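The hints should help you fit chain C with the ligands onto chain X, whose structure is shown.
Chains X and C are the protein sequences, given in the same order. Going by UniProt numbering, the first sequence opens with residue 1, and the numbers climb by one from there. Going by UniProt numbering, the second sequence opens with residue 1, and the numbers climb by one from there.
Read the hints as simulated data drawn from the structure, not as lab findings. The structure displayed is predicted, hence computed values, not measured ones. Be aware that a few hints might be false.
Copies of one chain are not kept apart here, so a pair can be met inside one copy or by any two copies together.
[Stated by the list, open to error] Straight line, CA to CA, 25 Å or less: simulated DSS-like cross-link-like pairs of lysine-lysine:
hint: 1; residue 1: K50; residue 2: K149
hint: 2; residue 1: K149; residue 2: K17
hint: 3; residue 1: K269; residue 2: K343
hint: 4; residue 1: K262; residue 2: K103
hint: 5; residue 1: K334; residue 2: K177
hint: 6; residue 1: K149; residue 2: K14
hint: 7; residue 1: K149; residue 2: K15
hint: 8; residue 1: K149; residue 2: K12
Number of protein chains: 2
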Amino acid sequence: MNTAVSDIEVIKAKKTKIHDVDFDHLSFGSTFSDHMLECNYKDGKWQAPKVVPYQPITLDPSAKIFHYGQSVFEGMKAYKDAKNDIYLFRPLDNWKRLNISSKRLAIPEVPESYFMEGLKTLLKLDSEWIPKKEGSSLYIRPFIFATGKGFHASPANEYKFIIACAPSGAYFAGKVKVLIEETYSRSANGGVGFAKAGGNYAGQFYPTQLAVEKGYQQVIWTDDNTHEYIEEAGAMNIFIRINDTLITGPTSDRILDGITRKSIIELAKAEGIAVEVRKISVHEVVAAAKNGSLKEMFGAGTAAVISPISGFGYHGEDFDIPELENTYASLMKKRITDIQTNKCEDPFGWRFKVE
Amino acid sequence: MNTAVSDIEVIKAKKTKIHDVDFDHLSFGSTFSDHMLECNYKDGKWQAPKVVPYQPITLDPSAKIFHYGQSVFEGMKAYKDAKNDIYLFRPLDNWKRLNISSKRLAIPEVPESYFMEGLKTLLKLDSEWIPKKEGSSLYIRPFIFATGKGFHASPANEYKFIIACAPSGAYFAGKVKVLIEETYSRSANGGVGFAKAGGNYAGQFYPTQLAVEKGYQQVIWTDDNTHEYIEEAGAMNIFIRINDTLITGPTSDRILDGITRKSIIELAKAEGIAVEVRKISVHEVVAAAKNGSLKEMFGAGTAAVISPISGFGYHGEDFDIPELENTYASLMKKRITDIQTNKCEDPFGWRFKVE
Ligand SMILES: Cc1ncc(COP(=O)(O)O)c(C=O)c1O
Ligand SMILES: Cc1ncc(COP(=O)(O)O)c(C=O)c1O
Chain X
1 MNTAVSDIEV IKAKKTKIHD VDFDHLSFGS TFSDHMLECN YKDGKWQAPK
51 VVPYQPITLD PSAKIFHYGQ SVFEGMKAYK DAKNDIYLFR PLDNWKRLNI
101 SSKRLAIPEV PESYFMEGLK TLLKLDSEWI PKKEGSSLYI RPFIFATGKG
151 FHASPANEYK FIIACAPSGA YFAGKVKVLI EETYSRSANG GVGFAKAGGN
201 YAGQFYPTQL AVEKGYQQVI WTDDNTHEYI EEAGAMNIFI RINDTLITGP
251 TSDRILDGIT RKSIIELAKA EGIAVEVRKI SVHEVVAAAK NGSLKEMFGA
301 GTAAVISPIS GFGYHGEDFD IPELENTYAS LMKKRITDIQ TNKCEDPFGW
351 RFKVE
Chain C
1 MNTAVSDIEV IKAKKTKIHD VDFDHLSFGS TFSDHMLECN YKDGKWQAPK
51 VVPYQPITLD PSAKIFHYGQ SVFEGMKAYK DAKNDIYLFR PLDNWKRLNI
101 SSKRLAIPEV PESYFMEGLK TLLKLDSEWI PKKEGSSLYI RPFIFATGKG
151 FHASPANEYK FIIACAPSGA YFAGKVKVLI EETYSRSANG GVGFAKAGGN
201 YAGQFYPTQL AVEKGYQQVI WTDDNTHEYI EEAGAMNIFI RINDTLITGP
251 TSDRILDGIT RKSIIELAKA EGIAVEVRKI SVHEVVAAAK NGSLKEMFGA
301 GTAAVISPIS GFGYHGEDFD IPELENTYAS LMKKRITDIQ TNKCEDPFGW
351 RFKVE
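Looking at chain X on its own, in the form it has when it is part of the complex (with noise of 0.2 Å):
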């Protein structure tokens, strides 16, 4: 199946909404571009993706979206360099995880050239969208969810892909103080927690809330049987940092294969840090925040990059990490962001020019 640009429809908004946007103030998620992808799956197959004006989107009450929470969604960003190129990180690495989550919630797969004729096609469109100021870029939101009717929990039989934008600031507005949950869980064994599922993120805000009323700003999940094992942060996969050695869990059926976490695995080991891929139980890292070994906690994700952890509750008591200069966390954000924003030569191949 394949999709020239050339192919793709685009029904342009009648007037732009840029004017009314302050990007010197952006929030993260919450003001959208012009335009959107839109991509309807019916019949068997997905139709003809389209580029229209951002617009509402009208469904039947029984939309299966609203029932079963079918639905997978994506999170990407795009960037302008000083000469207005536009980039985006491992965008095919978002597509095959769009897929994958896809198929482990029965919903059908996207060809590559729908997706990504597509998003070239839209940010195109809306490049004038993309923030140039350091710190911020242009949000992407691919999402399909389940428009086929009936109150029947089964797959539906129609479903919608959109791709959607919103210049975006920072994530987290300085360092983050991080509960380790000893209750609640995010995912099960044989579960859909290394997929982006609309549902996975619905069941942590209850547990989030409760932890933010304790005074924390996000929760480190554990694994749903023994609560012993680090697995990852609300959207954001973790790095702890022993001694110099920097060490991050496993990827397993729980636990989302993060993009930013695995090019600061690479990037790490390029920087000649010792790099661990291991479980790490929540008593080595009480361990080592005792005896003063325990350096570093960060988060790495798409949406918040490299977030710093300034401390962790556990078990009633709280561990704070002391602050340090040169920090593995400064210098990955350094070395991803200036390859993301074309600041320095990419060795590894990930920055994709669009063009």
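Positioned in the frame of chain X, the structure of chain C with the ligands alone reads:
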């Protein structure tokens, strides 16, 4: 908070669709009645509910239901007796469970009066839609989903609560053959399995499709840690009869606390049947199938009522459950439907007359 029936605004449909419906050949949940209850949460509270024509819903592409699966639902039925009086079955339990689900999904709870008075107003207006044919009923779907906007994984600030109705026939055509699942799981310890959260259902579709390809109609879920204990089916709790004892697993944070299940437990006890609520291992069921003491298995849920199971697959082997006369399944089905449809006394006080 109290709302009398007279307080619920009603906007009537211009014309009825009822003449297009073949009430003798109803499928399940695919035809919708003329009206629905609609209630919006905004500015920190549920606004006044209204009964309006069944009609499409328009949402922003960034509405959180599309991204984060923040939704819950219920399933109920309305019945008509010979005198055309309308009955519900334990409706307050559905309202309570809706709020239990909502709490876990960080959705604001709905006041009892909005739910009950709204439902009664709707049912009286659409009373012609309640089938009288044996085995048919008006399936009622209360549901709530996040309408608030934004690409930020956090609870929405706006929601929609709807009750829609579908005149429906049987959920399953006949006996079902089930697969006891050994790889995939429905829910995690500390997760949302006890809630009727949308995402719990989407996660079951793919494993169920795999089971269907192997010739089974339904999956019996087991615990995600060992896959050794029977949990429940996609939309039914499970009962197992070994010799003359009726066994069902205990509820937990992984299992939906079914209203049919708890009614069956009481009905069976009232019949003098020995009932055990305890963990039941797959090995015990397999051993019972082999030595002939496994007399029956059946599912219990609002949609399917009582669904007899003809056999199960486990670990590559198929086990048939021999036909039996005078089953507990048929006795329980008669007892519960007689109460539901006002064909007998209701010593439990479960029947609820809509007036
Ligand atoms: C649960 C979860 N873990 C980790 C991540 C980080 O993944 P990525 O680096 O691909 O954005 C995300 C966000 O995408 C996520 O939602
Ligand atoms: C997962 C699950 N288990 C069990 C049931 C049965 O519950 P109830 O008897 O209240 O309909 C349902 C259906 O509501 C369900 O969705």
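Handout entry: Hints breached by this structure
Key = none
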